[in-house]
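K.L.:
Sequence:
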Amino acid sequence: MATGSGGDWRRFEAALRSSLRLLRDKWGPPERLPARKGECARPARGDGEDEQPQQQPSALEALPIDVKLYIMSFLTPKDLSYLGSTNRYWRLAVQDPLLWRYFLFRDLSSWHSVDWKSLPDPDIFNRSFAELHDSSLCDYMAVYKKCCSSRKRSPTSTYEALTSFLQSLISQAEPRFAMFGPGLENLDESLVHKMMTNPEILPSAAISSRQIHGIGSGVTFNLNSQKFNILTLYSQTSKERRRAKEDNSNPINKMFHEENSLDGTTQCTLIEHIKNMCRLIDGFIYVADAEANKRHSRQIERARMAAMLDPTLGPSGRPLLVLSCISHAGTERIPCIYMAHQLQLNLLDQPWMVQDTEAATLAGLLDGIQWLLEQTEHKNTQ
133 MATGSGGDWR RFEAALRSSL RLLRDKWGPP ERLPARKGEC ARPARGDGED EQPQQQPSAL
193 EALPIDVKLY IMSFLTPKDL SYLGSTNRYW RLAVQDPLLW RYFLFRDLSS WHSVDWKSLP
253 DPDIFNRSFA ELHDSSLCDY MAVYKKCCSS RKRSPTSTYE ALTSFLQSLI SQAEPRFAMF
313 GPGLENLDES LVHKMMTNPE ILPSAAISSR QIHGIGSGVT FNLNSQKFNI LTLYSQTSKE
373 RRRAKEDNSN PINKMFHEEN SLDGTTQCTL IEHIKNMCRL IDGFIYVADA EANKRHSRQI
433 ERARMAAMLD PTLGPSGRPL LVLSCISHAG TERIPCIYMA HQLQLNLLDQ PWMVQDTEAA
493 TLAGLLDGIQ WLLEQTEHKN TQ
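Letter by letter, the sequence shown follows residues 133 to 514 in the numbering used here.
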């Protein structure tokens, strides 16, 4: 459902209006029968004499269904929760799955991160309106709250802060992360160049003395007094990419051996020195090209990612940070939830997070790095 489409909104509006009418008929105040000439209006049910006086509807409940719908479309989910606490009718009204599906589709493009705990099932985006009243199929209200709560970083507990401080007193090598992906090579702005030339955002500490054969040493950065090392991997040099574009040729990939299968998919295996590197690192940073105006080969991306994350090449459960990257703020981006589904991250057996990032300003980068450091620290303390 594309919430920007007038036709989709009209179908949603009609379905929700029908749903609210059903709720009104079931839980709303009973209607009174019209009085005959010369008679007083009498209740629609019972004898009237023994029946308890009916509670008068509130001003909001007395409004026409269309007006209620119009008002509810402007409320925030938090406001709706308050409205639902007033009485039984509104409690059921604000739980309507159509309403929460509308909020989910409306707001998901404004959410800048999603992780392995909060990603909604892809099937919920394809359900017909007829299926939405079966709450056993999908609780859109619960899905919305789970996605929304994942964006709020929980405060560090006293125990975690003390543990982190004690660990900082112990001399140990900084964690190492391998960074790779098409967002490093295909964007107009270079994410790595911006990281290296903006010390006020991400200070670089030094060039690491720990060399990896065929890879190098990477660069050590400092975030909140915690050092970490990033090894940047390119499939081709910038000169090779420019020449390939001019000659319309395919340069040799410096990271993967690729083979086309009979079913048309691409299978990837790592070059030997990349395999050796994977055995020595603590986590992965995949830089995805999230610009919506381009064509993307997600199947090849998934194959390359699977080769890098091969569980036989190192400890299990190493975290994966996906930087869903665009060049500039004005570029239309693919929402992070869609990016997670396109890369099929729900099939992975390790912690992961997708973080919206902008190469020109490094917006979102520090949030992603902080999450990666926390996951690495948590894994080391287990």
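For the record, the hints were derived by calculation from the structure and aren't laboratory data.
Check each hint, because a few of them may be wrong.
[What the hints assert, rightly or not] Mimicking BS3-like on lysine-lysine, the simulated pairs with C-alpha atoms at most 27 Å apart in a straight line are:
(1) 200 with 277
(2) 371 with 386
(3) 377 with 326
(4) 210 with 249
(5) 359 with 426
(6) 407 with 426
(7) 200 with 249
K.L.:
Which constraints among the numbered hints does this structure fail? Numbers only, ascending.
P.N.:
5, 6 and 7
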